[in-house]
Amino acid sequence: MHLSTLLSLPASLALLTLATVYASPHSYTEHLHLLPLPQSHLHAHFNFTATTPLSAYESSHFRYFPRSLAQILQHTRTKELHLRFTTGRWDDESWGARPLDGTREGGTGVELWAWVDGGGSKTVPEERWSELVNSLSGLFCASLNFIDSTKTVRPVRLFEPEGDHGSEKGGLQLLHGMLPHEVVCTENLTPFLKLLPCKGKAGISTLLDGHKLFDATWQSMAIDVRPVCGAADGGECVLEIQQSVSMALSIPRSMRDRHDPIPRPAKIEDVQCDESKPWNGHDTCFPNAVTDEPAWTLSKVFGHAAKGACDLERNDQAFDVTLEVPSDRPVNATGASELTFPSTTRRHYRLSASSSFDLSLPACPSPVNPMALFTPPLYATRQIAGHGQERGSMHTTLRNPHAHPLTLVYMESLPWYLRPYMHTLRLSNGKQEKLYYTPALDRERGTHLELVLTIPAQSTTTLTYDFEKAVLRYTEYPPDANRGFDVAPAVVRVLSEHGGFGGSYVRTTSLLLSLPTPDFSMPYNVIILTSTVIALGFGSLFNLLTRSFVLAEEVPPSPLAGIIRRARDAVKGLLGKKTGGDEKESKAADAQAGETAEAPSLAKERTDGKANGIANGHADLRERKARVVT
Amino acid sequence: MALSARLLALRGSPFLYKLPPYLSALCVLVGIGWILLLPLNEYSRQTYVSENAILPGQVHTYFGGSEHNIFRAFRQEVYALSQQSEDARQAGVLKVLADSGLKTASQPYAYQVAGESINGTNVYGILQGPRADATEAMVLLAAWRNFDDQINYSGVALALTLARYFSRWSIWSKDIILLIPSDSTYGPLAWVDAYHSICIPPTASRNISAVPLKAGALQAAVALDYPAGPWGQRFSSLDILYDGLNGALPNLDLLNTAVSIASGQMGIACTLHNHGTHSDSYRDRLSVLGSGLATQSLGHATGPHSAFIPYHVDAITLKTVGDGWHDEMSLGRVTESVFRSINNLLEHLHQSFFFYILLNANRFVSVGNYLPAAMVLAGSFTISALGLWVLSGRDDVLVAPLAGGMAKEKVEMETVKLGSDVALVPRQSTRTIQRELFVPALSLLGVHILGYIPLWLMTSLSRENLLLGLRTTTAVTLLLPLALAATIRLTRSQAQMLQSLSLILLGALLATLATLNFSLALVLGVLAAPLAFVRRSSSALVAAAQGILLAVTSPPVAVYALQRMFYPAAGLEKLLLELAKGWSAQGVWLLWVVWGVWWPAWIVGGVVVGSGVMSASSEPR
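Quick mapping for you: the protein sequence lines, in order, are chains A and B.
Going by full-length UniProt numbering, the final residue of the first sequence carries number 630, and the count climbs one at a time with no gaps.
Going by full-length UniProt numbering, the final residue of the second sequence carries number 621, and the count climbs one at a time with no gaps.
Hints in this document: simulated from the structure, not taken from any laboratory.
Heads up, the beta-carbon is just placed ideally off N, CA and C, and yes, glycines get one too.
Honestly, I wouldn't trust all of these hints.
[Unchecked claim] Below, simulated EDC-like cross-link-like pairs (lysine to aspartate or glutamate); rule was C-alpha separation at most 20 Å, straight line:
#: 1; chain 1: A; residue 1: K151; chain 2: A; residue 2: D164
#: 2; chain 1: A; residue 1: K300; chain 2: A; residue 2: D257
#: 3; chain 1: A; residue 1: K300; chain 2: A; residue 2: D209
#: 4; chain 1: B; residue 1: K95; chain 2: A; residue 2: D91
#: 5; chain 1: A; residue 1: K194; chain 2: A; residue 2: E168
#: 6; chain 1: B; residue 1: K95; chain 2: A; residue 2: E275
#: 7; chain 1: B; residue 1: K95; chain 2: A; residue 2: E93
#: 8; chain 1: A; residue 1: K201; chain 2: A; residue 2: E324
#: 9; chain 1: B; residue 1: K103; chain 2: A; residue 2: E127
#: 10; chain 1: A; residue 1: K469; chain 2: A; residue 2: E497
#: 11; chain 1: A; residue 1: K122; chain 2: A; residue 2: D91
#: 12; chain 1: B; residue 1: K95; chain 2: A; residue 2: E236
#: 13; chain 1: A; residue 1: K201; chain 2: A; residue 2: D358
#: 14; chain 1: A; residue 1: K151; chain 2: A; residue 2: D358
#: 15; chain 1: A; residue 1: K151; chain 2: A; residue 2: E497
#: 16; chain 1: B; residue 1: K103; chain 2: A; residue 2: D358
#: 17; chain 1: A; residue 1: K194; chain 2: A; residue 2: D257
#: 18; chain 1: A; residue 1: K277; chain 2: B; residue 2: E347
#: 19; chain 1: A; residue 1: K267; chain 2: A; residue 2: D257
#: 20; chain 1: A; residue 1: K267; chain 2: A; residue 2: E240
#: 21; chain 1: A; residue 1: K434; chain 2: A; residue 2: D358
#: 22; chain 1: A; residue 1: K300; chain 2: A; residue 2: D274
#: 23; chain 1: A; residue 1: K469; chain 2: B; residue 2: E347
#: 24; chain 1: B; residue 1: K95; chain 2: A; residue 2: D274
#: 25; chain 1: A; residue 1: K469; chain 2: A; residue 2: E390
#: 26; chain 1: A; residue 1: K194; chain 2: A; residue 2: D209
#: 27; chain 1: A; residue 1: K169; chain 2: A; residue 2: E93
#: 28; chain 1: B; residue 1: K103; chain 2: A; residue 2: D257
#: 29; chain 1: B; residue 1: K103; chain 2: A; residue 2: E93
[Said to hold, decoys possible] Covered by chain A, per the in silico footprint, the following chain B stretches (three or more residues, Cβ under 8 Å):
#: 30; segment: 209-217
#: 31; segment: 258-268
#: 32; segment: 346-352
#: 33; segment: 367-377
#: 34; segment: 511-522
[What the hints assert, rightly or not] Label pairs and their calculated CB-CB ranges:
#: 35; chain 1: B; residue 1: A210; chain 2: A; residue 2: H402; range: 19 to 25 Å
#: 36; chain 1: B; residue 1: A91; chain 2: A; residue 2: C141; range: 34 to 40 Å
#: 37; chain 1: A; residue 1: R399; chain 2: B; residue 2: D87; range: 23 to 29 Å
#: 38; chain 1: B; residue 1: G587; chain 2: A; residue 2: V156; range: 44 to 50 Å
#: 39; chain 1: B; residue 1: S287; chain 2: A; residue 2: R399; range: 54 to 60 Å
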């Protein structure tokens, strides 16, 4: 009888949600953008965007917006948050400009920056920041809690808020921290997926598999939370969360069989030989350079096909997947409807809720790259030069490939144990417009160095400075085996020519700083050895000094022994009296006692005499010794 | 009447004055004998891999199959490139590297030494580990020309094949740099210098351009030396070269890893110093030890790996030797496995020994066991110096009979009181004379400054004048002591002070050197040993004998002997050129130690002997 009501409950809930979707700007969209890159790579950009009205957010009413994150943001009064988990390198010489101008990626490891409502206080934002990083640390299973005051900087020109903060903007404070050593792994992906409404169970998020994601040549997971006030939502401000995963996969590597991923040498039939070489033969094969894009399928590249759709909005115009390949390239898509838009290179697909989606592309014979690679705004590399344990030098090379000068903001956040000599800061070419510098305080604050530079057209600029390596206390070294200390990447923001918000971001790789490291096992050995020696030496010496050497006979009888003897005698006396009545036994006992009583007294006399003799002799000895001493 | 009184009495004992030379001689004998003991089982140890992370030979190696076909083609390609011009060769190598997916760059270098210029270009590619974070790198080296100036056909081809093969793996935690320098000594040197240089000002002797592409901190380097031609040549064993510049050595773990993989996993015998038949007997061990001491004391590059070691980048060279049944694929798999092991490293190689003497590919002597030998040798100079210093403060009248050992005439005695102790000692023994230190100290300083003249000659003359320079230096060196003795006219006490100061300096320098380059300190200690025993003597016969002994063990004569021993075929000029190159380009200290430390000490020894002759001739008794 209750069955019908039970069954009708989900339906009514669904109706309710439908009603609210259209009534309020709770929205959720997801999108995957696929772009084949040169050198057999594939760029995949997953974007999951959810919004919630600020009013609903403040009254803790969430639908698509992850509650766990929202509560942290509310508690710490964080108004805008950017969190990045990045591994690998984007090869901008082969692949061109970074996706989305580098705005959705971070430096190697973890990077976090946020605008926190400071409430006009100086210490409050730091406390809130500390709460924020500790909470996020728990939420994302990352060591974000290690972003303490020594790793936090306050960039001046590097970032601008992306959201619309209105009148609040003045009170917000930007804090920025990086963890270059953090190894991003599956344990960070799982909580990331948990934040999604479909939790990686349906839609494009099913493609995100730790095995493939972390085998990518480059990948960056990003979470961006910002308030957006647009006319589209009827003027009401919404809080938007963009979760994105951007990755560059090597197609041959990810197409490998999952059960046998070992890249054994290819069969000789599969190697393309250069037959123009005179020595080409059955056992000699000069391999042709692989320029073709190999055939690939979505299900093999990502491990499995996309299952179902996470279509919560029922928006007929929305599309889930965009593939950017030349229009003449054959593409076989299954389990999706293709939407046509007037674009020559982009194909859009809409996933169906019931089937799994797969794409397959045959090998592309000619390496046609219709998207003429966008020239990166800037090439930046950064290295530590020098050798030895004491000094070093930081070399940053910035190359402007464009025909116009670039203005950029260059920021470094250095750990305190790397002490830059600012007087050695040199810029080989170009102009230094501004310098923001916060010197480090040992164990309290890292160095913050921010430069506004102008680099002439088509030129290379080298930024160098020398630094000194600090000597750490022994407890400040990591307790486990380590290769050294990581220095966070430099972040470069290339300002757009026409002002306004924007500019693109380029990050260098992180660096390895080897500090003078003691051999920790050596002090241990030394401590053990010296302790033993001292214990032996001190022990025997102390023994010699404090002990007085006397002959056994000189030792006065111990009072305790006297007491015991007297007690024993007393007991014996008592026993003797008691057993006096028993004649036979007492006779025998007396006889025995007499013998035993006599024997000790005799023995005592003998030993006494002996002791006297020895004592006398000893006195002689002592006299002689005294003479020797004097 | 206690021990102190006896010691007080002993102060004037002739026995004490005679003791230092015997103690010194004992030190020299102990030092040499110590070295001879080292090959015994009791003083050496079996090698072992100390760093647990390395796991040598624990991975299956897959290099083979179609890679062999590719290797053969690359070997032909390398041969074809060797027939072309230098620019075409570099372009060809760069193309192969780029086609394998490496980032490529090249670095020209030029050195000017002894009027000769050494030119070349380093061609290299960086294989960016797909999951690495660009903070660390390991280097695979294959010089275009190996150390014996043969074209390294198979070595380069193997390195190229391996680079192509490695690029398919995603396991690399560190980037792999494939470096193909033009030659085996100066190319790697220029590259590694530029890699670590803070700024590169071109100097008169070196003009190295900056390295345009870098890949983080270098962790280890392995060089391949396999000069088999385009049709291949199988080899019987691998010779592992490990000596760095100035006697620095790579971490023993790297060497152990290579030996354990090659012999344990692949069954390739490993040798050291090209000591082919090693029966692990005392003689063979001693012979390898001797070769090790010789190369380490010369301190010059022994292969492409040598340049890396001063920068604390552990490096070895795998050189194929002989004619056997191991082919290029075996070497390739050894290299693959070594790189997998280095890839495992969490920390920079530091666990195992940096100071060791190898007796065999799997037997070594650790620093604690061998260092006393050089220290005792250095101590012999210090003991002599102290003895001479005491003698120099004594009265002539007393010292002469004492030093002669016979106190014939009656000496006047006096009593000495120290607290309650009383001793009867000769009157002269308590009388001190004023030490006139100015002349000896100034002479010593002057001689040391003079030492820079032969150093400058031997390093700056042009190639054709080097031989003349050495001959002049030899003649001047042998005559200079007599000339100096004739001009300075030292008294007995001053001569003793001069010798004492010189010996104490030599002892201190040798002891310091022993901690940096043990072999050099040991060899120098043995060669300079006579300096502790020469004495001023008025007897012409004794002086002549001492003079001959000194002449035989003089620095220039040692240079001649070096040529006879190590470069019998090449000639003296070639040796001098190599030494000059070592000083100017490689930064080897050897020449400074010879001309700046040994030569002044030798000259002082000569002056002391000479002053005896001079005093005898001027003041005949």
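Review point. Checked against the structure, which of the hints given earlier come out wrong?
Key: 1, 5, 8, 9, 10, 11, 12, 14, 15, 16, 17, 18, 20, 21, 22, 27, 28, 31, 33, 34, 36
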